[in-house]
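Chains as they are written, first to last, in this note's numbering: chain A, 1 to 68; chain B, 69 to 583.
Hint data in this document are derived by calculation from the structure and do not stem from the laboratory. The C-beta atom is built at its ideal place from N, Cα and C for all residues, glycine as well. Hints are supplied without guarantee of correctness; some may be wrong.
Unchecked claim - Have a look at the derived ranges for each label pair, beta carbon to beta carbon: (1) B/G569 to A/L16: 37 to 43 Å; (2) B/T528 to A/W27: 19 to 25 Å; (3) A/F30 to B/A269: 30 to 36 Å; (4) A/W27 to B/G85: 46 to 52 Å; (5) B/G78 to A/W11: 16 to 22 Å; (6) A/S67 to B/A512: 38 to 44 Å; (7) B/K473 to A/S67: 55 to 61 Å; (8) B/V558 to A/P29: 52 to 58 Å; (9) B/G462 to A/I61: 41 to 47 Å; (10) A/I61 to B/G78: 43 to 49 Å; (11) A/W11 to B/A239: 51 to 57 Å; (12) A/P36 to B/G303: 24 to 30 Å.
Claimed, not checked - Partial pick of chain B residues on the chain A-facing surface, computed with a CB cut under 10 Å: (13) L299; (14) V301; (15) P304; (16) L359; (17) L362; (18) F403.
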Amino acid sequence: MIGAQKKRGGWSWWYLLFVIQFAVALWPPFYNRVEPTLIGIPFFYWFQLLWVIVSAVFTAIVYFATSD
Amino acid sequence: MPDVNWIALGIFVVLFGCVAWLGFAAARWRKGDLDQLHEWGLGGRRFGTLITWFLVGGDVYTAYTFIAVPALAFGAGAVAFFAVPYTIIIYPLLFLVFRRLWHVCHKHGYITAGDFVRGRFGNRWLALAVTVTGIVATMPYIALQLVGIQVVIGALGISGTGMGADLPLLAAFVVLAAFTYSSGLRAPASIAIVKDLLIYATALVAIIVIPIELGGFGKIFAAVPANKLLLAVPGPNTTGAYSGYATLALGSALALFLYPHSLTGILSASSGHAIRRNAAMLPAYSVVLGLLALFGFFVIAAGVDKLPEYAAGFKQFGSNFAVPALLLHSFPSWFVGIAFAAIGIGALVPAAIMSIAAANLYTRNIHREFINGNPTAKQEAQIAKRVSLIVKGGALVFILFVPTKYAIELQLLGGIWIIQTLPPVMLGAYTRWFNSWALLAGWAVGTFAGTTMAVATNLTTTFPLVVGSHTFPGYTAVYTVMLNLAVAAVLTPVFNAMSSGRPPADETVAADYHV
């Protein structure tokens, strides 16, 4: 499945990465806590910032995997 | 004016001057006939990946963002961080939906959302609804950028009321108006580069220096009261702050790209590839935005709101003064000048793009559609230039004579209004299934319901939706767009049955939406 071309304009299984990205970002109960802290920053804050970087990586993966 | 911070002001003026010069010089960049609307209004559609990155970033990260997000963190705590999941959502939207829009708009020469809806659905009234919504939602947003400039000018020590204090704002406005008129979208595109470099530099330096000054992140977060440090855990029978937070992020993300200035930034890109590449690169801005939200906590830890020298500023500007006060407190004057210039220039870029976008909408979808059907290219560009001037002038008048809190409230309503264009614009990029009159009905219901709900909650963002014994507080915009969609979906088969049975009007074909 890796590298399989998606149909033009159709669904690609790579888009599931986006679904994961959204699901985690939009589920506050998961990250609404103080511990574990990172250099004094509560989990709530550093996790969401980390998730931005993870999301950028996901988007880059999807871009390269679905390039025409 | 004894309190003026002359060094900071000097640097501020110099940087502003450079940027003004750049705005005018931009007319000759990637040369095109600025009497053509797509040249003036879309920069000739020639901006590659990097320029698009700066331009779209300039849309997302406005001066108001830099002032208001930390102000919210300072005042309300953890909820301000919704800006981070918001940025996590917007980029896939850009990647998937707006790439399709880019292709179809490029193919058919559409410059605005109104153009697209008109072509896709063949209904000039639906297009008009989208157009008017776009223009009306943009106006308070422009006004709030000017507020951003006002706050930093006040922080430089030029205070008080009356003409003297308003003069710098007027000067900034004149510069903005002049270079937008002459260079169109090329002006904010070129300035966006300078702005972003300044913003990044300021944010990076601040995020390193201020925590060191304050003794580390542990100490900073220890200074934040417990009820602001995290989201309040919801009580029984309610999803409380959790659903509020998630829907705020989701609704803001959906609304962002529906604003005319976002679409203008996107449509000015030279290719669909540039859009997609940007979707991966723009998150760099998100990290900055997350860091900015933390600045609100730095303010609490530094206690600048309690210091006498900033009392006047907080009195005049409320929690919007948080970031300027923090910068004044933590840095030498010359760096403050750079930082304030970053914020001020950070207002010019979106204000320029927003006024150009509103002007494009008026010119193509009101003037050409309903007033003069066959303008020459030169006439079109002239109309757009004048409208952009009028729109900015209107925003300036508003800011000078109307209390800021009304601008904020109007901007909030603007978000609720603009999201009602989601069905025709975003879903229209995927499917023609909806009946255009059903969409118009959905838009009307959503807009009316949204306005009523917002007024009923005293213009706060959250509406407590009660289902049985459970409450689901959520962002009004999200609930109303769902209502909008429901109405459109229900009415589509009804109106289709009542129609003449002709195939639905649609200038576009499926292949137009991708490479």
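For the range 55 to 61 Å, tell me whether the beta carbons of B/K473 and A/S67 fit it or not.
Violated: the Cβ-Cβ distance is about 48 Å, outside 55 to 61 Å.
Hint status (Cβ of B/F403 to nearest Cβ of chain A, threshold 10 Å)
This hint is violated: B/F403 lies away from chain A, its Cβ roughly 24 Å from the closest one there, beyond 10 Å.
The hint says 46 to 52 Å between A/W27 and B/G85; measuring C-beta to C-beta, is that right?
Roughly 48 Å apart at Cβ, these two residues keep to the hinted range, so it holds.
Just to be sure I understand the hint, the distance between the Cβ atoms of B/V558 and A/P29 should be within 52 to 58 Å; is that true here?
This hint is violated: roughly 33 Å between Cβ atoms.
So does B/G462 sit 41 to 47 Å from A/I61, Cβ to Cβ?
holds, 45 Å
Does 43 to 49 Å hold as the CB distance between A/I61 and B/G78, or does it fail?
holds, 47 Å
Taking 16 to 22 Å as the hint, is the beta-carbon distance of B/G78 and A/W11 inside that range?
Once the Cβ atoms are compared, 57 Å apart, the range 16 to 22 Å for A/W11 and B/G78 is violated.
Would you settle whether the hint for B/P304 is holds or violated, based on the nearest Cβ-Cβ distance to chain A being less than 10 Å?
Violated - the Cβ of B/P304 stays beyond 10 Å from chain A, reaching only about 15 Å at its closest.
With a cut-off of 10 Å, does the beta carbon of B/V301 approach a beta carbon of chain A closely enough for the hint to hold?
Holds - the Cβ of B/V301 comes within 10 Å of chain A, reaching about 7 Å at its closest.
The hint says 38 to 44 Å between A/S67 and B/A512; measuring C-beta to C-beta, is that right?
holds, 41 Å
Range hint compliance [Cβ, A/F30 to B/A269, 30 to 36 Å]:
The hint (30 to 36 Å, Cβ to Cβ) holds, given that A/F30 and B/A269 are roughly 34 Å apart.
Confirm or reject the claim that B/T528 and A/W27 have a C-beta distance inside 19 to 25 Å.
The hinted range 19 to 25 Å holds for B/T528 and A/W27, with Cβ atoms some 23 Å apart.
Consistency with the previously given hints fails for numbers 5, 7, 8, 15 and 18, ordered from lowest to highest.
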